[in-house]
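Asks: Listed here are the chains, written in short residue letters.
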Amino acid sequence: VRHSDVVVLAIILTLGTVSNAEAYMDPGTGALIWQTLLAAGIGATFYFRRVFRWFKRDNSG
Amino acid sequence: VSSPPLITPIGDTFPTQASFRDPAGAVLIAGDRVFRIVGAAGRDSWAAFSTSRGIREFEATGKVIATRPLDDAAAAVARATPAVDEAYRAVDGQLLIEHEHIGFPSYPYEWAPEMLGAAGMLTLEMNHRLLDEGCGLKDATPYNIMFRGAAPVFLDVLSCERRVPTDPLWLAEAQFQRTFVLPLLAHRHLGIGLHQTFLTHRDGVEPDELYRVLGWRRCLRPPLFGCVMMPTLLSRKAAATTTLYERHTMSNAEKASFVLRASYERAGRALRRASPQGRASQWAGYMHGTNNYRPDQFAQKEQFVDAALASHTPRRVLDIGCNTGHFSLLAARRGASVVAIDYDDVVVGQVWTRAQAEGLDILPLVVDLSRPTPPTGWRNREASSFLDRAAGRFDLVLMLAVVHHLLVTERVPLDDIVTLASELSRNLVIVEFVSPEDSMFKTLARGRDALYQGLTREAFELACQRRFDILRTEHTDGTHRWLYLLQRRAA
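Going down the list, the sequences are from chains A and B. Note that this note's numbering has the first sequence beginning at 1, numbered continuously upward. Note that this note's numbering has the second sequence beginning at 1001, numbered continuously upward.
Derived by calculation from the structure, the hints in this document are not laboratory data. Where a beta carbon is used, it is the ideal one built from N, C-alpha and C, also for glycine. Keep in mind that a hint or two might mislead.
[Unchecked claim] Over the 10 Å line for every Cβ pair with chain A, so calculated as not near, a few chain B residues:
(1) Asp1022
(2) Arg1178
(3) Lys1255
(4) Gln1300
(5) Leu1406
(6) Asp1415
(7) Thr1456
(8) Leu1471
[Stated by the list, open to error] Taking beta-carbon pairs under 10 Å as the criterion, some of the chain B residues facing chain A (in silico):
(9) Trp1170
(10) Arg1236
(11) Asn1252
(12) Phe1258
Isolated chain B (complex conformation) (with noise of 0.2 Å):
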């Protein structure tokens, strides 16, 4: 990590409630900076994974987060603030460390289901690897892993874990199913998006949810066979046993990883059988022949975006609406870290493939702004809501054939729009007016059209006016769409 040294002023800022569920340490976090008390449940663990080799490579290739522990005087420095000391009192602290800080946090609910699966790879890749060194992960939650742009990282460090040799069983497995695999297993089979499971039930699908539901017969298949049939079937049969938990180890350590690795085997094939392949969207062909625009026309919307990003380089850009994600890339390219935004999770999922397949710098995430993710978890205060992730941290946000739908679909007054657009951007916004002569406007109106006779491009302007200048206009030629570059006036 090529952060500062620590000092002083981390204050009052420090929300201890990101990880309490593990003992063996705690999260805090202050400003931009991330760091991690280990506690003395936890040193174990701690030694496990600042000695494996394997944790160094995947930190090497960003797969695992960067971490340094904090030597002795910026630990001292740290513990002056009282809610740190207090923390480090309650997990009987051994040890300070700081960790590599994710530009933007997401959560499980708020990933295309592409996304889920590559998370779901990252855990089993870890375990095949650690337990080179007989080493594995003590859970199997996508909890442990957020994207920095499209590429997932492993943040539990204190889930590493020193396997006894001759243990075969991998304890973790039910929950990388009911938190990886049935999510993914709900929505290909049931369209169940990952919002609507991982929303309501923080700890995923449980098999018996799914089987009653798809019957037995789908039920024969693989994976689901072996990740929903079985599980729920056996577990009706079996009383309250006890001696299930009890270690069950075999008499040769190269049979017990042999047999444990073949679970590693089997839960890599049903995820990747569980994962989305092809899937159409209503947005999706959006950019190829359903859009309001001609060839022309587009090629002049890309140019004043373009030009935009060329003269003003903002470092992080919000796409908000990001469909195919045409301007998102154009914003990468051009060297800007991107959080691209859309409902519609076939469409986030391919700019996801694509971001990942490019390297390119775009954290794609299912979110429809007019219902934002909320502040959830215990107290609602485990994961913040994405408004309050996302508000003031971009120096663009990108608001293209987007107004209208919130205008028209939603029923959100303009001045409201234009204010949130005001609190998501410190610098500059790029807003596409569609007007009501439009004929997506029209659709999207069904005849309603008496609603908007007050909006005009003026109007629409002196909204605009009160929080931003106007830098830019562009007419799209025959088009009843208007470009315009904003900037935030200080408030």
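One chain only, chain A, in its complex shape (with noise of 0.2 Å):
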């Protein structure tokens, strides 16, 4: 994911405030750009995965 796509995902969610509750909506949408948002925040800890890992070693030991 790009940072732009997450720009665009987050202008779309704060002010696409149209309701189109009678327009045809394709079921899985509102699930793919859960899963997106959720994918550019983990994606975003992947650098940090090293130190999370050492965390989880030192608490386990």
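Both chains are given apart, each in its own frame, so use the hints to dock them into the complex.
Replies: Written as structure tokens, this is what we have:
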């Protein structure tokens, strides 16, 4: 996920207040947006994973 | 697959409706043999499947259906059948493969919730393992899975695909939620059975359907928050964004697979939380006190059934109204392959859990014999009815403590019940006659005794003898119940 995507999504989420309850909607859309948002968040932790692992090992040891 | 080489007479019995949704191939069923045409669109999937080391491991442990490609000579013989050739052309066929035959096909609307959970876990386990090799499954649906005994088996070999290494998204996640997690949540929170969900909604439950019923407060907790609330709210906000389905890639393949694995793990946590735990049922206590037998009477019944199992060694057994599966277990331990049905999904779940733990060849299904599973899907031809799948497949049919339910609660005529038994079994039936003086019979009849005045043991025997010979009879001491071992007469 590029940063621009996250920005686009954020705009959709915050400004897209038009109710489209009657419009046809792909039911998987919401789940995919949620997954994309989570992916962005989890992707950000990727570079810190060694730190997490180190903590985990430290705690379990 | 250790089946014989393909020979000519595969004839007219070829329904080609089994997998028309996927343009990658077509499934052909000829008697007890199952073939699949790999079409041009499925070539890459077949390549991913047939070269994967993970798939070989799953095949070896029985988690993926055993599969082998047919050689040219065998394929030529198969294509001599016009129906096969037509299907082959329709998908621009490249290759014919043969699959292991699953003893008794079953569908999500016949599974206990525990079984749907296990099918979902297998889907995730395969995704995890395939990711090691840069592969994945294109879709995530319970229709890709059936059960061999109590063990889930993955069938759809053309669902395999090579992934773009930098793509972190699992496109099938919403489908996984709809068809595995949400039906389990609907069952758990609202008591909606899987048959209710899947017979009317092939593609499972939508998040907003569940959100409307459960309300936002209950949806604040996991896994409802991530599986129901967020997808519902976000889909309301989202305009028709076509860019959403464009491929989103990350700069780094390792990072993409890190994110993807997190998605699989999240789905696994949701599935575990949605699965049933310690459920109560009207009938679950039947074997421990709520039934109509003293221990010695029950032992007598057990001996009768076990003696029949020992002397006739049936290979395939159908246990109708299996309850806690006591007699299914008895048959399975004697080496039979058992299909056990009951309309109560709690007891079916318990039988499955036990069969799975002990590795017994029992397939427990939620089927109500008085309203058995209809044929389903497009033109009612995608999946056949329970009775079509069951007819003539069993060497022994057990109908213990079940006939009076059909007679009284369902008001099915006795002759019809006997006819059905003779259609399901190709040889033996063990049936229990419960006379109108029995206390359970009286409870069910609720005072309508006049309706059952003609129901004597003699009348029952006469009805049976229209289609069966009575091999053995035994009165259970101190009860108003009799056991019969019947043998079907050749028509």
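Asks: All the hints need checking, so say for each whether the structure fits it.
Replies: Evaluated hints:
1. Asp1022: 18 Å, holds
2. Arg1178: Violated, because the least Cβ-Cβ distance between B/Arg1178 and chain A comes to about 7 Å, which does not exceed 10 Å.
3. Lys1255: It is violated; B/Lys1255 is separated from chain A by about 4 Å at its closest Cβ, not greater than 10 Å.
4. Gln1300: 56 Å, holds
5. Leu1406: 40 Å, holds
6. Asp1415: Non-interface label on B/Asp1415 holds, nearest chain A Cβ at 48 Å vs cutoff 10 Å.
7. Thr1456: 58 Å, holds
8. Leu1471: 56 Å, holds
9. Trp1170: Cβ of B/Trp1170 sits 7 Å from chain A, so the hint holds.
10. Arg1236: Result: holds, 7 Å to nearest chain A Cβ.
11. Asn1252: 8 Å, holds
12. Phe1258: The hint holds - B/Phe1258 has a Cβ within 10 Å of chain A, the shortest such distance being about 5 Å.
The structure shown violates the earlier hints numbered 2 and 3.
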